[in-house]
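Novice: Assemble chain B onto chain A, guided by the hints.
What follows is each chain in one-letter form.
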Amino acid sequence: MSDETKPGLKSPLRRKLLMGMAALPAVSMLGRPAFADVPATSAVNTTGLAVTDSEVTVGILHSVTGTMAISETGSVEAEKLAIEQINAAGGVLGRKIKFIQEDGASDWPTFAEKAKKLLVNDKCAAVMGCWTSASRKAVLPVFEQYNGMLYYPTFYEGLEQSKNVIYTGQEATQQIIAGLDWVNKTKGAKSFYLLGSDYIWPRTSNKIARKHIENHLQGCKVVGEEYFPLGSTQFNSVINKIKLTKPDVIYAIIVGGSNVAFYKQLKAAGIDLSKQTLLTISVTEDEIDGIGGENIAGAYACMKYFQSLDNPNNKAFVPAFKKMWGEKTVIGDVTQAAYLGPWLWKLTVEKAGSFDIDKIAAASPGVEFKGAPEGYVRIHENHHLWSKTRVGRAKADGQYELIYETADLVEPDPFPKGYQ
Amino acid sequence: MFGDYSISDLGAILAMQGFAGLILFSVYVLMALGLAIIFGQMGVINMAHGEFMILGAYVTWMTSNAVQHTAPWLFPGYFFIAMILAFIASGALGMLVEWALIRHLYKRPLDTLLATWGLSLILQQAYRSIFGAREVGVELPEWMMGSWQATDSIQIPINGMFVMALTILITIVVFYILFWSSWGKQVRAVVQNRVMAGAVGINTEKVDRYTFGLGCGIAGIAGSAFTMIGSTGPTAGQLYIVDTFLVVVFGGAASLFGTIASAFSISQTQSTLEFFLSGSMAKVITLLTIVAILMVRPQGLFALKVRK
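Keeping their order, the protein sequence lines are chains A and B.
Once you know that position 303 of the first sequence is 423 in my numbering, the rest is easy, because the numbers rise by one and skip nothing.
Once you know that position 142 of the second sequence is 143 in my numbering, the rest is easy, because the numbers rise by one and skip nothing.
Here chain A stands alone, though its shape is the one from the complex (with noise of 0.2 Å):
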């Protein structure tokens, strides 16, 4: 594993690689000495987590099984990636990474119940799970109790701060405002059409967008509001509601099964997408493998990330990514915003030049991740990312096309004022 070369790294990244890989040899053939420059396990982990003197053990907390599988399937191939790339430029204050994955299994009770087990049985330095909401709130009062990291990589409502999470993805303010402020000024939107799943993450961003849409935004309005039960798959009537309406943008926050069930039912009913502005904040490329890139083409998703983004640390992490699961495995918004995670433990833990969790959350404010396949990112003191949002529009072949982006990154507000 480690003295394998990623193809085509051309970044700070392909630097440290390198450097991690030329040492490797050495270290090696001189065995213990080699590790003088390693600090001692007993400074850098005073509280007794699972650190040697040449591992360091981490957990991956994710669903493999059941519903929810079809979304976190991505997260845990990004995070596995992003141990091994670590692991090849050197580990983790000399520390290889040892990973320990436990299966959520769709169900929050044993998410729950698996944390535990990863922090009190294994003292992992640090969690990367969890995807949705649900699933965080019910292991976060287990990450508070025994003191535990968590790198959350999914967009979500926001409304939520704590020590023992990054949050590596956006926050709903970030992702919504700036895709709203665009559609109505490139698109002169005026009229909106609020649709959503009927949980926590639909419900609150829709209510952020409303919000923004009537007190930001000149002389636009709601033409309509409505939120579908979870895995619901007829869609003909709200269809016909839209036809009726005639809103300028359709603002879609459908998730799973369902999302395939609207977009297809959406293209049946006539509606064509290159004319009828659909903007979304829930499809990533990920879901377009389901749904069909001609049935969605020509819609609009407002997120961090796509796959096609054109800089240098992206062109080296889509080919590293694709050759370590496979050449038709396509990459969305979380699963690089997992990706995230490791990279930004590690140059915490770097920082803080300890493993201790109090140490590392006192110091993740401020650590700046320039291999980002994203871009730069930069932890906030409220332990979200500063990141850049931008506009992407749906091509037949999968892919998004990106339209727009942000000048500057977008600060993180999970407690948005005037929002709530």
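Hints may be right or wrong, so weigh each one.
To be verified - Simulated coverage check for chain A against chain B, where a stretch passes if three residues somewhere in it have a Cβ under 8 Å from a Cβ of chain B: (1) 180–186; (2) 356–368; (3) 380–390.
Calculated directly from the structure, the hints in this document are not laboratory data.
Built from N, CA and C at the ideal position, the CB exists for glycine as well.
Specialist: Same frame as chain A, but now just chain B:
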């Protein structure tokens, strides 16, 4: 709410909404037919019904891929081949399951519930291991996509009409098989009195196996057809199972007419309410109404007198 719209707009919407209701009706009938046959004729509660549907969907996906790679000229018509293959695959699996599992449990109806639920979990994980955890996209021939422009403002989804036509066809075939063919007579004889049917020389075990196979095969066709309107993934079967049971139980478990009547009333209520209220509220009210009616009439809309 309608003050701002012209009469012709409203007329168009009314027509399209009517079709939306009919399409939902067809979807419900197609989902429920297979289950109604198994539940009604055999008294087996098949919790794995959704997984038999998804098997049909995966067969469609594989056929689509195979046709694209080997015989692209066949692609416009591949869906018909796929549906036949889906019927065969789900039907064969159904017969295998009946032989290996269900026939040992006929005297214990509640155990079939547990056994088929276990089976559904096994099948889900099997799909996940074989086809991967992610959803697969089934590519459709061009003519099945899009909509039929009836007038300037009325557009009817082609796949919806396809599902309607398919439902009518399958319903006719099922009724023919059960009520006019000699095999159907045997099935009904076994339902009415198993011992007596056996005594007059009907091979009841064989009848059971083929009935179960038929029900599962129809589920396979339904799954194949639903690739046009829904998703195909290891757990997608779960999306249909609740609605399916609702239709069958509300209709009266032993009656195919009841299944159709209940599919009609549920779909019309659902789609009308969805239009005037929101998606979630429509579901809530539909479910409440069904619960209320079932409290008054626990046997469902239509109940046949059967051997107890």
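Novice: All hints are to be evaluated individually against the structure, with a verdict given for each.
Specialist: Checked hints:
no.	hint	in the structure
1	180–186	holds (count 3)
2	356–368	holds (count 8)
3	380–390	holds (count 8)
When held up to the earlier numbered hints, the structure conflicts with none and fits them all.
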